[in-house]
Amino acid sequence: MGAYGISFGAVAVTAGFSVLQTCATSLLLFTGASQFALVGVVGAGGSLIAGVLSALLLGSRNTLYAVRLADLLRIRGPRRILAAQLTIDETTAMGTGAPPGLERTAFWASGAAVYVLWNLGTLLGAAGATQLGDPATFGLDAAVPAAFLALLAPRLRDREGLRIAVAGALLALAAIPFVRPGVPVLIAGLAVAPLLVRR
Amino acid sequence: MNTWTAVLLASAGCFALKVLGWSVPPRVLERDRVRRTALFLPVALLAGLVMVQAFGSGRSLQVDARAAGLAVAAVAVLLRAPFLLVVVLAALTAALLRLA
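Sequence lines, in order, name chains A and B. The numbers in the numbering used here rise by one with no breaks, and the one at position 16 of the first sequence is 16. Counting from 1 along the second sequence, just add 1000 to a position and that's the residue number in the numbering used here.
Do not take every clue at face value.
[What the hints assert, rightly or not] Only some residues are given here: those of chain A computed to face chain B with a beta carbon under 10 angstroms:
1) G40
2) I49
3) Q85
4) A106
Quick caveat, the hints were computed from the structure, so don't treat them as lab data. Every residue, glycine too, gets a C-beta built ideally from N, C-alpha and C.
Okay, chain A solo, but in the shape it has when bound (with noise of 0.2 angstroms):
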């Protein structure tokens, strides 16, 4: 968790975010690939508008993984505004995967290990890639596609996953060169449209 969010603050400075605001990133956005989204469709030279749209799709499982877990952990009161900024993908793994009556404890130590350790990570990596200078000679510019690529590779194992992101990916080939930079993102998003209607 550390080592990825090391990758994530060297490439959020790569893309142009200062350290502060890369710091910031990790602290409030919280949701590993929706902040891979916003740094590297601004570092692209999408609009930032594109990237707080990508990383709002990717966010909204978050919101399905949450539904999950307030069921699950019945927690009431402000807390539930904590454990909500601690709902992402491995939290939501570790509670839902404990043995019963361990969710609430795998839940709240998944969340503060893995929120101390992304951020330092963040911190770390960001200050690393300001002393590196050109990011095209260290080949932090194909960094970026193999993280994604590896934060999509456990969702290809099935054939349905598979699908959907070779039509995803080209959907945005197929876009790049007809629309601001950033659009094709939202475009490879459509490649989900024949699940909304099919039965």
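For this one, chain A is given, so just place chain B on it according to the hints.
Quick look at chain B alone, frame taken from chain A:
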């Protein structure tokens, strides 16, 4: 919009999405179609991001050292290499190609 506005807007929006899930009755979002769409949306977006980052150059497509890095990353992913190794191998491939 400046970068700070974008960071704060994305953060507020993503936080609201999380809070929404903690606040609605479970039935609302448990509909199969909504659930599947939301779970597969990241797959489509991430695949799009891979392409844009690997082959995009403004409004043109370009095959360069990044593509080689991506190919190496794909092999590493198939071999189930850990996240950081995948990323480092891709960066190293591109950097070495540019040196050559």
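Here's how the hints hold up against the structure:
For G40(A), the interface hint holds, the least distance from its beta-carbon to any beta-carbon of chain B being 6 angstroms, beneath 10 angstroms. Among the interface hints, the one on I49(A) holds; its C-beta lies about 6 angstroms from the nearest C-beta in chain B, closer than the 10 angstroms criterion. Checking Q85(A) against chain B by beta carbon gives a least distance of about 6 angstroms; that is within 10 angstroms, so the hint holds. The restraint placing A106(A) at the interface with chain B is violated, with a minimum CB-CB distance near 17 angstroms, outside the 10 angstroms limit.
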